[in-house]
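Q: Sequence:
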Amino acid sequence: MPIRIPDSLPATSVLEGENIFVMTERRALHQDIRPLNLLILNLMPTKIVTETQLLRKLSNTPLQVNVQLLQTKSHISQNTDLTHLHSFYTTFDQVKGQQFDGMIITGAPVENLEFEEVDYWDELCEIMNWTRSHVHSTFHICWGAQAGLYYHYGIEKRTLSKKLSGIYEHTIIRKRSPLFRGFDDRFYAPHSRYTEITMEQLLEKSELEVLALSHEAGVFGVKSADNRQFFVFAHPEYDDDTLAKEYFRDVKRGLNPQVPAHYFPGDNPSLSPIVNWRSAGQLLYTNWLNYYVYQTTPYDLSEIPLESSRI
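Be aware that the sequence shown starts at 26, since it is given in the working numbering, and climbs by one per residue.
It is worth saying that the hints were derived from the structure and are not from the lab. The beta carbon of each residue, even a glycine, is placed where N, CA and C say it ideally should be. Worth double-checking, as some hints may not be accurate.
[To be verified] Cut-off 20 Å, straight-line C-alpha distance, at most; resulting in silico cross-link-like pairs (SDA-like, lysine to any residue):
1. 82 to 203
2. 121 to 157
3. 188 to 138
4. 188 to 279
5. 188 to 281
6. 82 to 300
7. 121 to 296
8. 187 to 270
9. 82 to 305
10. 82 to 312
11. 277 to 296
12. 188 to 217
13. 121 to 151
14. 200 to 232
15. 230 to 199
16. 270 to 296
17. 121 to 136
[To be verified] Distance windows between CB atoms, simulated:
18. 91 to 210: 34 to 40 Å
19. 210 to 118: 42 to 48 Å
20. 115 to 323: 32 to 38 Å
21. 323 to 291: 49 to 55 Å
22. 323 to 199: 35 to 41 Å
23. 323 to 283: 44 to 50 Å
24. 150 to 73: 25 to 31 Å
My request is simple: use the sequences and hints to build the entire structure.
A: What follows is the structure, encoded as structure tokens:
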């Protein structure tokens, strides 16, 4: 949350120059407050794990957030108990008449398929089109980010020669972006994917802004110029043991995976990872929720403007 101080206090300009969010008295007096309505489309097979990771990141804030969990109707999860899905998840038909301050679209383990080969692709396209008029700001993660860029901007994902897995150092390109307030100059984040979207592809789209990148892992994230769509190719929400579970799962399957980079001490899988990405991951989700949802969403959600067509 911002600090509220008098408009004319000398510290105001100093703090703003340091990229610290200051709310002046004038702005505070004109601000209406209500709970935020957030929708999470969970495409991961391990839904309980993913929803817990995301809710952990979204909960460490004084903002009151009403969360609804969404599943696809055209694909039934085989890895989550149906009782859990029936109790806590809704479908698009049940929410498409509503409007939301924010939405998160997760990744999914379908990277090696063409987008159109994914059995719920048509439904996902309908949902992504719906966000243009019914969601103030949408945050896409990993495969969800690649799917969003393909749908909204026609950008094709590219297959990597081997799986990218590990903890990678990133450099912030847009240092004054509110998304990175409180970040160190370099930050770390987990990546786990078989495909990528390159800087060259993104630079061809003038309506997109690259946010941060890694010399090893490539682009970290990109957003639309109007701040309505965010696309992050990493997994800042991952737990300390998520990459380890993925690695040992692939070992058990006989896939001969490479040890996740910069994760196990000395690249020794028998040792417990040392977490160096948790604080940056928390800040990322908190900053998105605060600056790009709470601070800018209309008090009356019916006033969400329609985004212009992308392609």
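Q: For every hint, state whether the structure bears it out.
A: Status of the hints after comparison with the structure:
1. 82 to 203: Measuring from Cα to Cα gives roughly 17 Å; hence the hint holds.
2. 121 to 157: Measuring from Cα to Cα gives roughly 12 Å; hence the hint holds.
3. 188 to 138: Given that 20 Å is the threshold and the Cα spacing comes to 15 Å, the pair holds.
4. 188 to 279: holds (15 Å)
5. 188 to 281: Cα-Cα ~11 Å, so holds.
6. 82 to 300: holds (15 Å)
7. 121 to 296: violated (47 Å)
8. 187 to 270: This hinted pair holds, its Cα atoms lying about 18 Å apart.
9. 82 to 305: holds (11 Å)
10. 82 to 312: holds (11 Å)
11. 277 to 296: holds (18 Å)
12. 188 to 217: holds (7 Å)
13. 121 to 151: Given that 20 Å is the threshold and the Cα spacing comes to 10 Å, the pair holds.
14. 200 to 232: Satisfied, since the Cα-Cα distance of roughly 19 Å is no more than 20 Å.
15. 230 to 199: holds (17 Å)
16. 270 to 296: Holds, at about 13 Å.
17. 121 to 136: Between residue 121 and residue 136 the Cα gap is close to 27 Å, so the pair fails against 20 Å, i.e. violated.
18. 91 to 210: 34 to 40 Å: Holds, since residue 91 and residue 210 (Cβ atoms, about 36 Å apart) stay within the stated range.
19. 210 to 118: 42 to 48 Å: holds (46 Å)
20. 115 to 323: 32 to 38 Å: violated (23 Å)
21. 323 to 291: 49 to 55 Å: Once the Cβ atoms are compared, 52 Å apart, the range 49 to 55 Å for residue 291 and residue 323 holds.
22. 323 to 199: 35 to 41 Å: Violated - the Cβ-Cβ distance for residue 323 and residue 199, about 25 Å, lies outside 35 to 41 Å.
23. 323 to 283: 44 to 50 Å: holds (47 Å)
24. 150 to 73: 25 to 31 Å: holds (26 Å)
The earlier numbered hints that this structure contradicts are 7, 17, 20 and 22.
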